[in-house]
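Build out the structure end to end from the sequences listed, making use of the hints.
Sequence lines, in order, name chains A, B, C and D. Everything in the first sequence is counted per the numbering used here, starting at 71 for the first residue and increasing by one. Everything in the second sequence is counted per the numbering used here, starting at 108 for the first residue and increasing by one. Everything in the third sequence is counted per the numbering used here, starting at 571 for the first residue and increasing by one. Everything in the fourth sequence is counted per the numbering used here, starting at -16 for the first residue and increasing by one.
Hints are not guaranteed to be accurate.
Unchecked claim - Distance ranges between label pairs, derived from CB positions: (1) T273/B to M714/A: 24 to 32 Å; (2) N73/A to A1053/C: 23 to 31 Å; (3) V646/A to L610/C: 33 to 41 Å; (4) A693/A to V126/B: 34 to 42 Å; (5) A1032/C to L639/A: 32 to 40 Å; (6) S334/B to N744/C: 53 to 61 Å.
Said to hold, decoys possible - Residues of chain C clear of chain A, computed beta-carbon distances all greater than 12 Å: (7) S572; (8) I575; (9) R597; (10) A599; (11) Q631; (12) F642; (13) Y646; (14) P688; (15) G793; (16) A798; (17) A1046; (18) Q1081.
To be verified - Distance condition first, Cα-Cα at most 25 Å in a straight line; then the derived DMTMM-like pairs of lysine to aspartate or glutamate: (19) K1082/C to D1070/C; (20) K259/B to D239/B; (21) K866/C to E143/A; (22) K142/B to D39/D; (23) K1063/C to E143/A; (24) K1082/C to E143/A; (25) K961/C to D97/A; (26) K961/C to E143/A; (27) K961/C to D1039/C; (28) K961/C to E579/A; (29) K1031/C to D182/A; (30) K202/B to D75/D.
In short, the hints are calculated from the structure, not lab data. The beta-carbon is built from N, C-alpha and C at its ideal position, and this holds for glycine as well.
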Amino acid sequence: MENLIALLVAAPLLGAAVLLCGGRRLDRTGHWLGTLLAAASFVIGAVLFADMLGKGAEERALHQRLFSWVPVEGFQADIAFQLDQLSMTFVLLITGVGTLIHIYSIGYMEHDERRRRFFGYLNLFLAAMLLLVLADNYLLLYMGWEGVGLASYLLIGFWQHKPSAATAAKKAFLVNRVGDMGLSIAIMLMFTTFGTFAFGPVLESTSDTSEGMLTAIGLMLLLAACGKSAQVPLQSWLGDAMEGPTPVSALIHAATMVTAGVYLIVRSGAIFNAAPDAQLAVVIVGAVTLLFGAIVGCAKDDIKKALAGSTMSQIGYMILAAGLGPIGYAFAIMHLVTHGFFKAGLFLGAGSVMHGMNDEVDMRKYGGLRTYMPITFVTFGLGYLAIIGFPGLSGFWSKDKIIEAAFAYDDGIRGWIFGGVALLGAGITAFYMTRVMILTFFGEKRWQPAPDPDRTASVEPGVDVTPGEMPHPHESPRSMTIPMIVLAFGSVFAGGLFSLNEAFVTWLEPVTQFEHPHPVISVPAITASTVVVLLIGVAIAWVMYGRRPVPVTAPRGSLLTRAARRDLLQDDFNHVVLVRGGEHLTRSLVYVDHTLVDGVVNGTAASFGGLSGRLRKLQNGYARSYAVSMFGGTAILIAATLLMRGV
Amino acid sequence: MSTLAAYTTSAGEAVQFWVLGTIAVIGALCTILMKRAVHSALCLAGTMIILAVFYLANGAYFLGVVQIVVYTGAIMMLFLFVVMLVGVTAADSLKETLKGQRWLAAACGLGFGILLIAGIGNASVKNFNGLDAANSANGGNVEGLAALLFTKYVFAFEITGALLITAAVGAMVLTHRERTEPARTQRELSEQRVREGKHLPPLPAPGVYARHNAVDIPGLLPDGTPSELTVNRTLRRRGQIRDVSTEALNDLKALEQRSEERLGRDRDEHDRDGQEAKR
Amino acid sequence: MSFPILTATAVLPAVGAIATAAVPAARRAAAKWLALLFSLATLVLAAIVLVRFEPGGDRYQLTESHAWIADFGVRYELGVDGIGVVMVALTALLIPFVILAGWHDADPLETRSSRWRPTQGFFALILMVEAMVILSFEATDVFLFYILFEAMLIPMYFLIGGFGDRAHSGTEENAAAQRSYAAVKFLLYNLVGGLIMLAAVIGLYVVAGSFSLSEIAQARASGELEMATTTERLLFLGFFFAFAIKAPLWPLHTWLPNAMGEATAPVAVLITAVVDKVGTFAMLRFCLQLFPEASKWATPVILVLALISIVYGALLAVGQRDIKRLIAYASVSHFGFIILGIFVMTSQGQSGATLYMVNHGLSTAALMLVAGFLISRRGSRLIADYGGVQKVAPVLAGTFLIGGLATLSLPGLAPFVSEFLVLVGAFAAYPVVGIIATVGIVLAALYTLVLYQRTMTGPVKAEVRTMPDLKARELAVVAPLIALLIFLGVFPKPLTEIIDPAVEHTMSDVQKQDPRPDVEAAK
Amino acid sequence: MNPVNYLYLAALLFTIGAAGVLIRRNAIVVFMCIELMLNACNLAFVAFSRMHGNLDGQIIAFFTMVVAAAEVVVGLAIIVSLFRSRHSASVDDASLMKL
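Next comes the structure, spelled out in structure tokens:
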């Protein structure tokens, strides 16, 4: 059975190789091949899942060792896979959602002449992501980690002719690299501490080493997680990443890749459990991002950027939960899965809307679309209800649990603070999602003539848009709606299923341990307050956008709003400090290298040149003067020898 | 020198050494100081002969003879030949052109000599144990040399043979001049002269003047100035043209003087006759 | 005695060089094929050497030894250890690609200008360099090595000065001037280093009374040969200085950008991927083996210089406007990593460094050659002259990207393994050094992606619009390199198991053990 | 008298010859001086052979003569061709070694 694990990765990898090297002759069939292999991977995953369910809780973990990767004295890294419940969860999520989005893309990318390559990249992403979650040691995980980074780089910049897309891709990769620095340092620390970086040995022998070391490792891992999961302070790339095609945003920047950070922290739970300070840091990062993302989400008018903000904040929830230790791990993963469903659904819905609206992304130019694209409306609506945590839907079950756990962080002030933040976040989520919903589907039509593709960078090519033409919204083709429907089902029922007598928690327990949280206030009270806060959020949004007409051009807005539109000025900070500073640094260094470093050496050379210039005057070309010098030299030599012998 | 006292030569050799040695040194000095190459060559030849004598005195009979035959005989003759080629009377001025060259040379030479002599002086020269034994070993100096030459030094000997051949060939190659174009006929030459436009007639003959009839004397133009053209090109190049004008004047003076004398003598005779007639 | 295969590996290309040079001027194509043939034959020989080398066996294998200059105990001694054999293989592997990539670089210009390039000479020189480099990897006699170390400058000088990149900004004249400036600079820098090394070599002979590496090493090990501390340090510095110039270590790196910028892309590859490796290789073989104590003494300074090289080179790469100079500065940064790995004196570091030499050779070759193809199409080296190439020449762009990703050592590609090993090795010995060096990987991503973005993405520039995609020949150059990069990225075992024993020896030379992990230390 | 005086004489002659090489401009004379130096050496060889009581010194002297002969032949040939080309036998005229 465990031999199948490699196939999980191999299938999409093969697809990527074939599609990328295959050349034009695959343009007709390429997308089918890609989808097929993704589906194959999903099937294998399902088979393994079924097999796993057949076993007892303890011996479910499978292990497959392919070969030794880096066999160097005192540094052994294997290409080996480990499939336990945690990995299994991810495998199903990745391959499942992945397959759906492959299907969706068939329709969505229909008009793009580079569709084959798009599917190649998607397959590459699947392979890398599966590698990430299946690796049995941190180094191999690192390989997957960077692999998904690469895939996201390629996919964000898929429309490379748009400078904005290329820049966004570069930015994403660079910011991720900063995070990767954390991961690699963490691996080095593990190596020097434990002499290995395989999950098993490291996580078991945490008790042998000092808490300080574990804290260091934990913080480095957190840095990595921040990079990949777009947590403050490394969140700045996610918004720009929306330059990529919408399916990419749905798969990579909502459902799967961005949640890798959560996986990393949960996977390394043993380390964090033994390092409370690191946990606190994680929780703080989570809480801050939670609010940050939510606030940004409230201000954006670009539907995808708004959703990106929400993604940020939802992952903030997960990180927060993951930082809570055994009481939170399971819920973090659970929210991750449910979020995977509804956020993917939301993005696909957004894509479908843009598809119908000549790729207009500004929500202020939507309105009243519910009648024109009913399926999109319904699926999107269900996703909306799920994300705001409407009682009974997926989001409710997972998010509510996280809020409980947050209140239970410890029975002191911290519990109150983080619980409160989580609760507040729920409210804001309700607000901005309602805003999105209203602006898009309700109210009167605010449609504008199609933008001139040359001016607006965010027009997706391929779709034949004649400038100046009024949009004629229509429902998307079936290849796009079916995945949305499936995901909608997921976003409605998944949470409920998971929570049936804590099925999900017990499923994960062998990997992540589990303790029941003991919140500072009673669970029902928390649930009630959650619902209340939620309703308040919805109400405010309704008051602000549902009742009065929405201006097409955004009003100037309050200071906070304007800051939020600019990602709370974090980008400007980066630009001023890092980009400008870096440019100045490099420019001055180039100057230094040319004048100083080079100058010094050349200077010495020049001085030698001058010396020789003076010396060459002796070379007057007269044989006799040469003879004199020879003769004198001989005389001196004789004198020397005589002196030597004389002494 | 006390260490060397063990072996001394006969008084005769001593005298010979001091006399001939002095002459040799003088000859060497003359070689480098004479203005004319010919003289230098002659002085050098003398020095070499003296050296030959010294060889003989040192028991190197074969070398002594070879010295005379090869050096003074062959090599010096070669030198003289070349000197002739370049011009016997060509005297190069000893005036130094290179700045400080002479002083440097003097300094180096002096220091060098002193060093050498000092070196020999404090070199631990071991006793001279004469060549009689070595010479008589194979029944004679020549036989001894031959024995060595064809046994121990045979390879070197062969190689010198190769060297000599190479040298001969080299010398030929260097001095041989390929005539690229056919010799020009008289007609062509005359045509060229016409083309050039000067000296349509052949060049004037050298100075057939008074009692002189030598190639190195330029003929005089009507106004009495000598004309370079009349002298052979080579001589002209070597700068071996005798200044004829002054010579001419000198000759004139001498002529007048001589005629003066003759006239004077005639007058005396005349007087004497007159006195005899009175008696 | 058995067939002297090591000599053969060097003689074959030398013969090839002569043969190529002898081809009549009219038969240019024949010369090219001849050169390619010989380089491939050399590759085969190198492969045989690689096979016949037993990792577990003696330190130096396939040895040959003949008296050369008996009076000074100079011997013609050859032998390969794990590191040497790998480097030989790398050299033999890269040269065919260099030749194939430079197929048209030395063709006569259509206008019979004064800069007529004798094609035969170009390929002959390349083969000559190959011969010398290979032999220098095999020489176990210090004097012999020194001779080769110096001799390889001559063909390189002509390759740089004589066959410049045809893509240049400005007139022919100032291009030629720049080219000769670069060539002379290259020559002077390396000659100065060589001169100092010569002094050290003689000094070593005076001290040790022998040039034979193995003899001296044994004498040192057995304690027969005592070196005064100062003597050893001076000798070490003499050697290290030369090697540091060759493998450009800050601040002696400034010749590299000029040389690589002015030379044709294949020659640039020859410089950075093959010739410079002799420097780092010699550090491992001579500095550490002959002067272990001095090496340890100098370690702190060298580590600092290496760190500066890493960061400084990367930052300057970011600031470059010229594609090839950018790659050159990237190489400076990478050489910083190699030297770092050598001198942290942990087995991971040194294995990593050795592996790094190979991988850097492959990755730089891939990137530089593709860049060369790009430049030859547009006729400009300035990044600003490109844009949107990806649209018109996707294959070229794709290979370029892979080369770039290899340069930024993306996991899954060969350089990652070596770079990570170096980092781990450094971190294990000096954590701070390791962390600072890690900054390098971020900067690497920066300059690579900036280069890719500015040249390949964005709207298609007018001059680029008609750019053809890679031709078959060019693909034949790039594809194998990329395949190797990927293969060695996931399965470097074949190399590591050859390198490891050699590294063990070196570690024992410097009498260093790897720091044991805290957990074991605690137990 | 002590035969070592021959050595002193040889040294003296050699020095004189060397000085001549340095101060004379006429190539022929320069050559003569070289010959002088060679002869001085020969004298020294002969004296040494007498000193050591074997004939090797004389052999060397003999070889010296041979070499000298060869050298003169070539040298004079050079001078002749030089004179042909530039109509003077002065060594200073041929100052082409200047950079």
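For each hint, the structure was consulted:
Judged by the Cβ atoms, the range 24 to 32 Å given for T273/B and M714/A is violated: they are separated by roughly 39 Å. Remark: the range hint 23 to 31 Å for N73/A to A1053/C is upheld by a beta-carbon distance near 26 Å. The hinted range of 33 to 41 Å is not satisfied by V646/A and L610/C, whose Cβ atoms lie roughly 55 Å apart. At about 37 Å, the beta-carbon gap between A693/A and V126/B stays in the expected band of 34 to 42 Å.
Separation of A1032/C from L639/A is about 38 Å and conforms to the stated range, judged on CB atoms against 32 to 40 Å. Checking the proposed 53 to 61 Å range against S334/B and N744/C shows it holds: the Cβ atoms sit about 60 Å from each other. Once the 12 Å rule is applied to beta carbons, S572/C is consistent with being away from chain A; the minimum gap is 31 Å. No Cβ of chain A approaches the Cβ of I575/C within 12 Å, the least distance being about 28 Å, so the stated non-interface status holds.
Non-interface status of R597/C relative to chain A is upheld: no Cβ of that chain comes within 12 Å, the nearest being about 36 Å off. The Cβ of A599/C sits about 30 Å from the closest Cβ of chain A, beyond the 12 Å cut-off, so the non-interface label holds. The Cβ of Q631/C lies farther than 12 Å from every Cβ of chain A, with a closest approach of about 20 Å, so its non-interface assignment holds. Remark: the non-interface label on F642/C is consistent with the geometry, its nearest Cβ contact in chain A lying 21 Å away (cut-off 12 Å).
With a least CB separation of 33 Å from chain A, Y646/C remains clear of the 12 Å interface cut-off, as annotated. With a cut of 12 Å on Cβ distances, P688/C stays outside the contact zone with chain A, its closest approach being about 30 Å. Annotated as non-interface, G793/C keeps its C-beta farther than 12 Å from every C-beta of chain A; the closest such distance is 27 Å. No beta-carbon of chain A is positioned within 12 Å of the beta-carbon of A798/C; the least distance is around 25 Å.
Every Cβ of chain A is farther than 12 Å from the Cβ of A1046/C; the closest lies at roughly 15 Å, confirming the non-interface assignment. Non-interface status of Q1081/C relative to chain A is upheld: no Cβ of that chain comes within 12 Å, the nearest being about 16 Å off. Simply put, K1082/C and D1070/C have alpha-carbon atoms about 15 Å apart, close enough for the 25 Å limit, and the pair holds. Restraint check for K259/B and D239/B: satisfied, since their Cα atoms lie roughly 21 Å apart, inside the 25 Å limit.
Pair hint K866/C plus E143/A holds up; C-alpha atoms about 21 Å apart against a cutoff of 25 Å. Restraint check: the Cα-Cα separation between K142/B and D39/D comes to about 39 Å, which exceeds 25 Å; the hinted pair is violated. A hinted pair counts as satisfied when its Cα atoms are at most 25 Å apart, and K1063/C with E143/A qualifies at roughly 12 Å. Restraint check: the Cα-Cα separation between K1082/C and E143/A comes to about 14 Å, which is no more than 25 Å; the hinted pair holds.
With a C-alpha separation of about 16 Å, the suggested pairing of K961/C with D97/A holds against the 25 Å cut-off. Between the alpha carbons of K961/C and E143/A the distance comes to roughly 46 Å, so the proposed pair goes past 25 Å and is violated. Between K961/C and D1039/C the CA atoms are separated by roughly 10 Å; this keeps the pair inside 25 Å, and the hint holds. Between K961/C and E579/A the CA atoms are separated by roughly 50 Å; this puts the pair beyond 25 Å, and the hint is violated.
At most 25 Å may separate the alpha-carbon atoms for a hinted pair to count; K1031/C and D182/A meet this at roughly 21 Å. For the proposed pair K202/B and D75/D, the alpha carbon gap of about 13 Å is at most 25 Å, so the pair holds.
Figure legend: structure checked against the earlier numbered hints; hints not met, in rising order: 1, 3, 22, 26 and 28.
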